[in-house]
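*Asks:* Single-letter residue listing:
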Amino acid sequence: MTGNLRKNLTGYGFVLPWLMGLTFFIAYPFFAAGYFSFCDFPPMKGPMFIGGDNYVELLSDPIFHRTLGVTTMFAAVAIPLGVLLAMSLALFLNAKIHGQAIYRVVFYLPHLVPTVVVAVLWMWIFNPEAGLLNLVLRYLFAVADGWTGLFFDIDRLAGGTGSLTPRAGLLLLALVPALLAWGPLARKIHRPESRARPVLATVAVVAIVLAALAIVGALLYRFAPGDMKKIHSPGWLTDGDPFPAGVPFAPSWALWGIIIMSMWGIGQMAVIYLAKLQDVPVELYEAAEIDGAGWWRKTISVTIPMISPVILFNVVMSIIGAFQVFAAPYIMTQGGPENKTRFVAMFVYDQAFQYHRVGYASAVAAVLFLIIVALTLVAFRLSKRHVHYSAR
Amino acid sequence: MSSVGEKKTPWHLRTVVHLVLIVGGLFFILPLVWMIATSLKPLDQTLMRPESLTTAFFATGYHATINGTEYPVTRDRPVELGKGESLYIVTPAKAFAAGELTLPFGPDMWKKSVSFTDEERRQMDANVTPTMHVLADENNRYDPAAGTLSLRSGRVVRADLVRRVTAAEAPPGETLYVVREWRPEDTDTKGVSSPFVKVERAWDILPDSRIRTGPKVIPNNYPVALRRVHFTRSLGNTLLLCLMTVCGTVIASVVVAYGFAYLEFPGRKALFALTLATIMVPFVVTMIPVYLMYRSLGWVGTFKPLWVATWFGNAFFIFLLRQFFLGLPKDLLDAARIDGCTELEILWNVIVPLSRPVIAMVALFTFLGTWKDFLGPLIYLNHEKQFTLSLSLQAFASEHGGTPWHLLMAASTVFSLPLIILFFFAMKTFMRSVATTGLKG
Numbered sequence: 003m004t005g006n007l008r009k010n011l012t013g014y015g016f017v018l019p020w021l022m023g024l025t026f027f028i029a030y031p032f033f034a035a036g037y038f039s040f041c042d043f044p045p046m047k048g049p050m051f052i053g054g055d056n057y058v059e060l061l062s063d064p065i066f067h068r069t070l071g072v073t074t075m076f077a078a079v080a081i082p083l084g085v086l087l088a089m090s091l092a093l094f095l096n097a098k099i100h101g102q103a104i105y106r107v108v109f110y111l112p113h114l115v116p117t118v119v120v121a122v123l124w125m126w127i128f129n130p131e132a133g134l135l136n137l138v139l140r141y142l143f144a145v146a147d148g149w150t151g152l153f154f155d156i157d158r159l160a161g162g163t164g165s166l167t168p169r170a171g172l173l174l175l176a177l178v179p180a181l182l183a184w185g186p187l188a189r190k191i192h193r194p195e196s197r198a199r200p201v202l203a204t205v206a207v208v209a210i211v212l213a214a215l216a217i218v219g220a221l222l223y224r225f226a227p228g229d230m231k232k233i234h235s236p237g238w239l240t241d242g243d244p245f246p247a248g249v250p251f252a253p254s255w256a257l258w259g260i261i262i263m264s265m266w267g268i269g270q271m272a273v274i275y276l277a278k279l280q281d282v283p284v285e286l287y288e289a290a291e292i293d294g295a296g297w298w299r300k301t302i303s304v305t306i307p308m309i310s311p312v313i314l315f316n317v318v319m320s321i322i323g324a325f326q327v328f329a330a331p332y333i334m335t336q337g338g339p340e341n342k343t344r345f346v347a348m349f350v351y352d353q354a355f356q357y358h359r360v361g362y363a364s365a366v367a368a369v370l371f372l373i374i375v376a377l378t379l380v381a382f383r384l385s386k387r388h389v390h391y392s393a394r
Numbered sequence: 028m029s030s031v032g033e034k035k036t037p038w039h040l041r042t043v044v045h046l047v048l049i050v051g052g053l054f055f056i057l058p059l060v061w062m063i064a065t066s067l068k069p070l071d072q073t074l075m076r077p078e079s080l081t082t083a084f085f086a087t088g089y090h091a092t093i094n095g096t097e098y099p100v101t102r103d104r105p106v107e108l109g110k111g112e113s114l115y116i117v118t119p120a121k122a123f124a125a126g127e128l129t130l131p132f133g134p135d136m137w138k139k140s141v142s143f144t145d146e147e148r149r150q151m152d153a154n155v156t157p158t159m160h161v162l163a164d165e166n167n168r169y170d171p172a173a174g175t176l177s178l179r180s181g182r183v184v185r186a187d188l189v190r191r192v193t194a195a196e197a198p199p200g201e202t203l204y205v206v207r208e209w210r211p212e213d214t215d216t217k218g219v220s221s222p223f224v225k226v227e228r229a230w231d232i233l234p235d236s237r238i239r240t241g242p243k244v245i246p247n248n249y250p251v252a253l254r255r256v257h258f259t260r261s262l263g264n265t266l267l268l269c270l271m272t273v274c275g276t277v278i279a280s281v282v283v284a285y286g287f288a289y290l291e292f293p294g295r296k297a298l299f300a301l302t303l304a305t306i307m308v309p310f311v312v313t314m315i316p317v318y319l320m321y322r323s324l325g326w327v328g329t330f331k332p333l334w335v336a337t338w339f340g341n342a343f344f345i346f347l348l349r350q351f352f353l354g355l356p357k358d359l360l361d362a363a364r365i366d367g368c369t370e371l372e373i374l375w376n377v378i379v380p381l382s383r384p385v386i387a388m389v390a391l392f393t394f395l396g397t398w399k400d401f402l403g404p405l406i407y408l409n410h411e412k413q414f415t416l417s418l419s420l421q422a423f424a425s426e427h428g429g430t431p432w433h434l435l436m437a438a439s440t441v442f443s444l445p446l447i448i449l450f451f452f453a454m455k456t457f458m459r460s461v462a463t464t465g466l467k468g
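So the sequence lines, in the order shown, correspond to chains D and B.
Okay, so the first sequence: first residue is 3 according to the working numbering, each after it adds one.
Okay, so the second sequence: first residue is 28 according to the working numbering, each after it adds one.
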């Protein structure tokens with residue numbers, strides 16, 4: 003036996019388990035699924051080739067369209083929202099303050115909770131009567147309504163007539179501390195080293211935020227009274243109405259429930275971003291500071307480009323994940339109400355294991371795979387210009 | 028919030044960061060607190076809308092004095108009485124079937140008030156003993172003059188008046204409640220092994236002011252919940268599966284990764300690229316043919332489909348381990364080769380000891396994945412005896428349409444606890460693993 007052959011055989015010997023695994027558990031099923039999608043599976047018999055019939059049926063299956071729509075809607079809302087929230091969370095967790103270790107643990111903990119527990123726990127949280135979420139919402143909205151009610155007549159806002167009461171003018175008072183802290187007047191009354199100025203600025207920010215809350219509340223009551231009434235105590239998982247009601251293709255309340263629940267597990271992503279944030283070379287920030295960049299500028303021009311590969315990676319994994327969402331809708335809503343939380347992975351499961359339509363389910367899986375590949379390619383293509391790979 | 032630079036972040040920015048993190052943290056931590064809080068509540072307090080945020084998280088211990096004895100009680104339901112209306116608590120002179128009554132001791136009540144055990148319900152369904160007090164209202168008509176009780180079935184029995192309840196009993200602004208004696212064992216929604224329990228419980232109609240809050244009696248939620256999800260059996264199944272998958276994944280992936288990292292053979296690069304590509308293949312796509320394959324082997328309904336595949340390695344972990352191996356000093360390897368070690372010996376004596384952290388990470392990931400897995404067991408396990416914790420919990424939840432929240436939350440807490448404890452013990456490995464998985468790309 004020559005040394006070379008022996009060496010090669012050793013190499014193949016080491017990867018042999020994976021070679022077999024790859025063949026039996028990935029390659030074979032992958033191509034088999036492709037073949038099955040062109041077949042009919044009568045019970046107790048082998049696959050029978052029927053051409054593209056399964057795909058033709060898919061084209062006109064309203065439930066399949068619905069599941070695809072639901073999944074797309076979920077992906078379109080949950081992925082950008084998730085990336086944005088995880089990103090901001092990571093930036094906050096990266097700030098140099100005390101207690102970060104505790105915060106990080108708190109945000110990471112939900113990731114450890116098993117899927118089924120998450121589903122059952124959030125079913126309980128979404129309970130319209132005794133659930134935690136509606137309890138908090140009722141409480142928060144009682145406060146918010148009270149605050150808006152101080153300045154506006156909530157009952158008459160929806161009608162639009164005489165909705166502006168003189169009391170709303172009081173909100174303009176919020177501008178007073180702002181005028182005293184910034185602007186030409188402030189320059190006259192404060193000396194440069196004055197300590198009153200930052201205090202006034204803080205008061206101004208708080209006052210403006212509070213006034214804005216009242217105004218936003220009033221605007222919502224004016225233009226979306228139905229939604230405002232509902233959001234005080236939604237029926238969550240049982241409610242198939244869209245929110246916001248006026249927007250076409252808006253997710254149903256039940257779907258929003260699943261989206262909110264999926265946001266609960268975002269800590270994992272935030273910790274990944276955080277790890278990358280800490281790897282960004284300090285020199286880059288120093289260089290930016292010399293160029294006069296502020297915090298925002300540094301975040302946009304240094305931080306985000308430096309961690310963009312991780313963002314892309316996360317987006318791609320989230321796309322694949324979104325098309326596999328199964329446990330949450332299966333346990334929490336069984337796809338209801340009116341199939342508005344029937345995700346496409348659930349459809350595959352139902353067709354294959356409940357109705358025993360293996361061929362049809364395979365066709366759905368094949369379509370699913372093509373969609374995932376297409377979306378991934380789009381993500382890579384779009385990101386080409388924006389994702390920065392460091393030389394390392 | 029500037030994260031870099033020597034100068035300290037100004038106090039107002041630090042305050043803002045703290046505020047944002049605390050408010051955000053509430054969203055992440057409150058559900059877990061709520062889970063534990065619910066698991067410590069008696070059943071009836073999970074059915075009604077909590078009066079405030081405090082009572083939502085902390086169970087209230089209600090106490091009332093009924094016939095001179097103080098009992099821990101449940102507030103079953105509010106009673107609304109108009110002016111001049113009154114209710115009678117009466118004792119019927121003759122036994123009658125339970126179906127003839129209505130609230131609070133009629134069938135409606137028995138279906139709704141799940142804190143009675145089956146045994147108790149059956150007992151009550153059989154007949155209502157003459158000594159039992161009955162609430163006479165608009166359904167069970169009581170004629171005080173004649174001393175007769177007209178039941179829903181149309182039957183009329185003689186009944187003695189125990190007490191007359193009028194709206195005047197409630198001081199202004201207060202509500203009258205049906206209160207009932209409560210015992211810690213009243214947590215079960217299904218009589219699993221409850222011995223014969225005496226049906227009669229002290230009960231009365233009392234205004235708010237006579238229902239005192241006092242020391243809480245902790246309900247036996249945990250033992251009952253664990254019994255209902257067959258905890259020991261499910262835990263055993265889950266741990267067995269975890270053991271098999273962790274061993275399989277670690278051994279196979281380490282060996283294969285070593286092959287990819289250090290051994291030369293034709294097609295290595297192409298095979299590795301293919302391996303990376305398979306990470307993108309979703310489980311949903313391969314699920315069906317794999318299932319059919321296992322079915323033709325006769326493995327459906329056994330644990331085998333859930334662990335056998337792990338003994339062939341896992342693409343992602345192979346990638347992870349290979350990257351780590353490539354970072355190890357090559358000199359060690361060469362030295363060992365010169366010493367005449369075989370490749371397996373090198374792997375075992377040189378590489379593995381150096382790679383403990385990354386191997387721990389792979390083991391941890393696999394353990395978590397198996398512990399949390401739902402779809403796999405759902406597809407392949409069909410006998411209750413084989414159910415993992417995930418399946419048992421889901422079965423328990425769907426069996427009831429999710430009503431006994433106190434028990435579900437108790438089971439959920441126990442189910443999540445091992446992972447959280449594990450996390451605190453292996454925090455370093457966890458955080459490193461998170462950082463490393465993001466490294467890809």
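Honestly, the hints are just simulated from the structure, not real lab data.
One thing to keep in mind: the hints can contain errors.
[As the list claims (entries may be wrong)] Mimicking DSS-like on lysine-lysine, the simulated pairs with C-alpha atoms at most 30 Å apart in a straight line are:
no., chain 1, residue 1, chain 2, residue 2
1, D, K47, B, K331
2, B, K296, D, K9
3, B, K296, B, K357
[Said to hold, decoys possible] A short list of chain B residues far from chain D (calculated; beta carbon distances all over 12 Å):
no., residue
4, R260
5, R295
6, L353
[Unchecked claim] Just the calculated beta-carbon pair ranges, DEER-fashion:
no., chain 1, residue 1, chain 2, residue 2, range
7, B, E426, D, L61, 51 to 61 Å
8, B, V183, D, D243, 44 to 54 Å
9, B, E201, D, G161, 29 to 39 Å
10, D, Y141, B, T96, 48 to 58 Å
11, B, L381, D, P45, 51 to 61 Å
12, B, A300, D, F225, 50 to 60 Å
13, B, V47, D, Y37, 46 to 56 Å
Glycine residues also receive a C-beta, built at the ideal position from the N, C-alpha and C atoms.
*Asks:* Minimum Cβ separation between R295 of chain B and chain D greater than 12 Å?
*Replies:* 7 Å, violated
*Asks:* Quick one: are E426 of chain B and L61 of chain D within 51 to 61 Å, going by C-beta?
*Replies:* 38 Å, violated
*Asks:* Assess, step by step, whether the Cα of K47 of chain D is no farther than 30 Å from the Cα of K331 of chain B, and give holds or violated.
*Replies:* Given that 30 Å is the threshold and the Cα spacing comes to 24 Å, the pair holds.
*Asks:* Is it true that A300 of chain B and F225 of chain D lie within 50 to 60 Å of each other by Cβ?
*Replies:* 54 Å, holds
*Asks:* Compare the distance between the alpha carbons of K296 of chain B and K357 of chain B with 30 Å, and conclude whether the hinted pair is satisfied.
*Replies:* Cα-Cα ~19 Å, so holds.
*Asks:* Are all beta-carbon distances from L353 of chain B to chain D longer than 12 Å?
*Replies:* Holds: least Cβ distance 15 Å, greater than 12 Å.
*Asks:* Within 48 to 58 Å: is that where the Cβ-Cβ distance between Y141 of chain D and T96 of chain B falls?
*Replies:* Violated, since Y141 of chain D and T96 of chain B (Cβ atoms, about 38 Å apart) do not stay within the stated range.
*Asks:* Please verify that the nearest CB of chain D lies beyond 12 Å from R260 of chain B's CB.
*Replies:* Given that every Cβ of chain D is farther than 12 Å from that of R260 of chain B, nearest at about 16 Å, it holds.
*Asks:* Taking 29 to 39 Å as the hint, is the beta-carbon distance of E201 of chain B and G161 of chain D inside that range?
*Replies:* 38 Å, holds
*Asks:* Quick one, are K296 of chain B and K9 of chain D close enough, alpha carbons at most 30 Å?
*Replies:* 16 Å, holds
*Asks:* Falls inside 46 to 56 Å, the C-beta gap from V47 of chain B to Y37 of chain D?
*Replies:* With a Cβ separation near 53 Å, V47 of chain B and Y37 of chain D satisfy 46 to 56 Å, so the hint holds.
*Asks:* For the hint 51 to 61 Å, verify it against the beta carbon of L381 of chain B and that of P45 of chain D.
*Replies:* At 54 Å between Cβs, range holds.
The structure shown violates the earlier hints numbered 5, 7, 10.
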